[in-house]
Amino acid sequence: MWKFIGISISPMRKNDCENILRNYLFSMLKFSAKFGFVVLLVSAIGWVTSFQTKNDFVSYTQSIPSTTLAFDMAPIPGGTFVMGSPKGDAAAAADEFPRHEVTVDPFWMGTHEVTWDLYEIFLDKNFETSISEGPLSPEVDGLSRPSIPYLDMTFGMGKENKPAIGMTQYGAIQYCRWLYLKTGIFYRIPTEAEWEYASRTGSGTAYFFGDNPADLDKYAWYSANSQGSTQEVGKKEPNPWGLYDILGNVQEWTIDHYLPDTYQQRQSKGTKNPIYTDEELYPKVIRGGSYASPVEDLRSSNRIVSTASWKRIDPQIPKSQWWFPEAPFLGMRVVRPLTPPSAVEIAAYFGTSPLEDY
Amino acid sequence: MEMNKNNQRRDFIKTSAILTGGALLSPFSLSGAYAAGNDVIKIAVVGCGGRGTGAVFQAFETGHNIQLVGMADAFQDRLDQAYDRILNKFGADKVVVPDGKKLAGFEGYKEVMKEADVVILAAPPGFRPDHFEEAVRQNKQIFMEKPVATDAVGIRRVLAAAEVAKAKKLNVVVGLQRHYQDNYVETIKRVHDGQIGDVIGGQVFWNDGGVWVRERQPDQTEMEYQMRNWYYFNWLCGDHIVEQHVHNLDVANWVKNGYPVKAEGTGGRTVRRGKDHGEIFDHHVVLFTYEDGTVIHSECRHFPGASNRVDESFQGTNGKVYMNAGNVGKISSYRGSVMYDHNGENNINPYQKEHNELFAAVSKGEYKFADAENGAKSTMTSILGRYATYSGKVVTWDDAINSDINLKPDKLAWDAMPKNVPNNDGFYAFAVPGQSKVV
Numbered sequence: 207m208w209k210f211i212g213i214s215i216s217p218m219r220k221n222d223c224e225n226i227l228r229n230y231l232f233s234m235l236k237f238s239a240k241f242g243f244v245v246l247l248v249s250a251i252g253w254v255t256s257f258q259t260k261n262d263f264v265s266y267t268q269s270i271p272s273t274t275l276a277f278d279m280a281p282i283p284g285g286t287f288v289m290g291s292p293k294g295d296a297a298a299a300a301d302e303f304p305r306h307e308v309t310v311d312p313f314w315m316g317t318h319e320v321t322w323d324l325y326e327i328f329l330d331k332n333f334e335t336s337i338s339e340g341p342l343s344p345e346v347d348g349l350s351r352p353s354i355p356y357l358d359m360t361f362g363m364g365k366e367n368k369p370a371i372g373m374t375q376y377g378a379i380q381y382c383r384w385l386y387l388k389t390g391i392f393y394r395i396p397t398e399a400e401w402e403y404a405s406r407t408g409s410g411t412a413y414f415f416g417d418n419p420a421d422l423d424k425y426a427w428y429s430a431n432s433q434g435s436t437q438e439v440g441k442k443e444p445n446p447w448g449l450y451d452i453l454g455n456v457q458e459w460t461i462d463h464y465l466p467d468t469y470q471q472r473q474s475k476g477t478k479n480p481i482y483t484d485e486e487l488y489p490k491v492i493r494g495g496s497y498a499s500p501v502e503d504l505r506s507s508n509r510i511v512s513t514a515s516w517k518r519i520d521p522q523i524p525k526s527q528w529w530f531p532e533a534p535f536l537g538m539r540v541v542r543p544l545t546p547p548s549a550v551e552i553a554a555y556f557g558t559s560p561l562e563d564y
Numbered sequence: 047m048e049m050n051k052n053n054q055r056r057d058f059i060k061t062s063a064i065l066t067g068g069a070l071l072s073p074f075s076l077s078g079a080y081a082a083g084n085d086v087i088k089i090a091v092v093g094c095g096g097r098g099t100g101a102v103f104q105a106f107e108t109g110h111n112i113q114l115v116g117m118a119d120a121f122q123d124r125l126d127q128a129y130d131r132i133l134n135k136f137g138a139d140k141v142v143v144p145d146g147k148k149l150a151g152f153e154g155y156k157e158v159m160k161e162a163d164v165v166i167l168a169a170p171p172g173f174r175p176d177h178f179e180e181a182v183r184q185n186k187q188i189f190m191e192k193p194v195a196t197d198a199v200g201i202r203r204v205l206a207a208a209e210v211a212k213a214k215k216l217n218v219v220v221g222l223q224r225h226y227q228d229n230y231v232e233t234i235k236r237v238h239d240g241q242i243g244d245v246i247g248g249q250v251f252w253n254d255g256g257v258w259v260r261e262r263q264p265d266q267t268e269m270e271y272q273m274r275n276w277y278y279f280n281w282l283c284g285d286h287i288v289e290q291h292v293h294n295l296d297v298a299n300w301v302k303n304g305y306p307v308k309a310e311g312t313g314g315r316t317v318r319r320g321k322d323h324g325e326i327f328d329h330h331v332v333l334f335t336y337e338d339g340t341v342i343h344s345e346c347r348h349f350p351g352a353s354n355r356v357d358e359s360f361q362g363t364n365g366k367v368y369m370n371a372g373n374v375g376k377i378s379s380y381r382g383s384v385m386y387d388h389n390g391e392n393n394i395n396p397y398q399k400e401h402n403e404l405f406a407a408v409s410k411g412e413y414k415f416a417d418a419e420n421g422a423k424s425t426m427t428s429i430l431g432r433y434a435t436y437s438g439k440v441v442t443w444d445d446a447i448n449s450d451i452n453l454k455p456d457k458l459a460w461d462a463m464p465k466n467v468p469n470n471d472g473f474y475a476f477a478v479p480g481q482s483k484v485v
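Protein chains in written order, with the working numbering: chain W, 207 to 564; chain X, 47 to 485.
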């Protein structure tokens with residue numbers, strides 16, 4: 207019954223957000239009934255508040271002009287949730303405390319992790335030209351593209367419908383720039399707060415479906431069921447907001463630079479759209495766990511960090527600004543803010559070159 | 047000043063030879079440095095692109111007392127970028143490269159290696175025979191990248207210089223880093239110990255989406271353009287069957303403990319046919335036959351959008367083996383029982399290990415590494431494969447290695463012409479199987 211949110215490509219009309227909320231609550235009720243966590247429902251009502259509505263804020267399919275490729279976006283209603291882990295949570299690390307209230311503006315989120323099918327045409331201009339109808343626009347033609355990796359960045363795990371992996375945060379951002387130049391629509395990677403909010407669907411439990419890791423198999427690819435490999439996106443059940451593989455399969459990039467005490471600096475109530483950036487390359491926050499992760503790493507509140515060691519075997523100096531040859535578990539998902547930033551902000555977001563890595 | 051340094055070096059070598067002696071110890075090694083209370087190992091780099099710069103970093107990161115004293119690259123901008131990065135990282139104490147030892151152009155390599163104990167050769171492979179010969183002539187300890195040549199003429203020069211290096215007991219490490227990667231070393235050791243019986247077949251792959259392209263700029267001469275976009279020209283690169291797939295073919299030779307006697311295959315330009323794609327093919331499929339009749343299937347292609355596969359598999363009379371560069375090494379029976387499954391966690395970076403071992407040997411005055419001969423013969427294996435796909439004929443090892451077709455331009459200068467130049471439409475001639483004479 208959740209599916210219509212995520213994969214329906216028919217436009218949703220007014221009251222959809224209310225539908226989403228109702229649907230969400232039904233799902234929670236279902237879980238509550240199944241697991242006897244009645245408290246969940248009560249908590250969820252308290253946490254998920256102030257959904258914003260807008261008539262054209264519906265799921266849609268974004269096609270890549272001049273190609274047969276497309277991807278789906280689901281609306282994530284703005285709202286307030288509780289970020290981090292509850293006091294005393296034994297599975298949580300210190301950086302997940304204290305739990306605090308955060309409000310995020312509405313955005314759309316990719317229903318699926320970005321696949322190689324999409325990432326590879328960004329990667330290789332000649333390939334993009336060869337599969338496109340008509341010539342590339344001058345902007346797309348002139349875009350600076352990733353170095354083509356010197357080793358097999360699929361690591362033998364396959365491409366078709368498989369998540370693109372091993373890209374740096376800069377690579378993830380530049381993919382969004384390519385999307386922007388192709389479609390005219392501003393896409394970016396999520397903030398840490400947006401990711402956690404969307405992942406939780408507002409819930410306060412370890413996973414959006416509750417606290418019992420035994421149920422992960424229905425929703426996620428992780429160490430126990432992945433056979434050590436990425437899996438085709440969208441083969442498990444989505445979360446109530448229609449996000450497939452939001453837990454597991456591949457870790458997902460966020461914008462934020464990591465601080466162990468990010469949450470302690472947000473003591474005041476009413477933190478809105480928090481984001482922390484830094485020009486240093488490491489550590490950045492990634493989220494969600496991967497095919498290689500144990501169940502604890504798939505918790506919605508779990509904060510994972512990028513490290514320079516993922517470029518250890520890059521034999522070149524400077525090391526690639528595009529690829530992590532030792533992060534086959536790392537991928538990305540795009541978001542689109544309902545209210546796009548200004549042209550100046552967009553230019554700054556896409557036009558900032560990373561520090562050289564060596 | 048230079049004379050003084052050279053004299054010191056000669057005295058130093060004499061001291062070293064007297065102090066160390068012994069069959070394992072190289073007369074050109076640095077062991078005397080410790081005796082003389084000076085443990086600095088001086089290095090020079092020839093070819094200052096990303097890989098040359100990376101190799102310099104790895105040399106420093108061995109932890110030995112390294113000093114960079116010479117740098118050469120064809121291009122001033124690449125030289126300057128590399129110098130800035132190395133200086134920025136390691137500081138002026140470690141990077142002592144005066145202008146006269148930081149040389150752009152085709153000939154600077156001879157000068158910049160003079161004061162060095164160890165040289166890093168990382169220019170495009172077409173230059174390796176020149177650079178390796180000179181390094182051996184100057185009695186240097188050597189790290190050289192793969193491949194070591196792009197045609198049989200170059201291979202014969204490298205093999206000859208390799209003999210001289212052996213006679214002089216110069217350590218030579220070749221950047222076929224799978225030889226320094228634990229999963230390969232451990233797995234192949236077990237194959238050689240007979241765990242899968244006799245190896246009777248295998249398949250080696252480098253199938254991926256291709257590499258970088260550097261577009262022609264308006265102010266470039268033909269020579270400069272080819273040098274910048276070197277991957278697409280055989281005199282510089284050797285085609286991707288040589289430049290990349292040599293790694294996998296080298297593993298086949300290693301597993302088989304030998305080199306193929308003949309090759310036959312098919313290749314062409316199917317998806318990569320633009321003006322910026324020079325003369326190389328985008329795919330090669332080759333069968334290599336070894337002396338005992340074993341046939342190894344080899345496949346390399348640059349097809350974006352298609353499946354990737356970069357790995358090596360072999361079948362023996364009692365089992366099979368699978369390896370890839372992601373630290374995987376697995377030996378199993380045909381019934382599925384696993385006889386060896388390499389634990390790849392925290393294995394040392396093979397690119398670093400190459401340097402750790404080379405510099406450890408150099409600092410102790412030991413002669414331990416003679417990789418050049420295998421480097422040349424594995425490179426020759428990949429050139430043999432190219433000869434087979436370009437000609438469309440069965441090509442024997444003996445005919446291939448004796449080929450007198452020399453791809454190198456007659457003259458190396460920015461205004462000189464390479465042998466393959468574009469037609470009026472800007473496209474280059476490329477091999478046509480059944481028609482082209484390539485051997």
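Errors might be hidden in some of the hints.
Unchecked claim - DMTMM-like mimics (lysine to aspartate or glutamate), calculated; alpha carbons at most 20 Å apart, straight line: (1) Lys135/X / Glu532/W; (2) Lys135/X / Glu485/W; (3) Lys399/X / Glu532/W; (4) Lys302/X / Asp228/X.
It is worth saying that the hints were derived from the structure and are not from the lab.
Status of the hints after comparison with the structure:
no., hint, verdict
1, Lys135/X / Glu532/W, "violated, 23 Å"
2, Lys135/X / Glu485/W, "holds, 18 Å"
3, Lys399/X / Glu532/W, "holds, 17 Å"
4, Lys302/X / Asp228/X, "holds, 18 Å"
The structure shown violates just one earlier hint, number 1.
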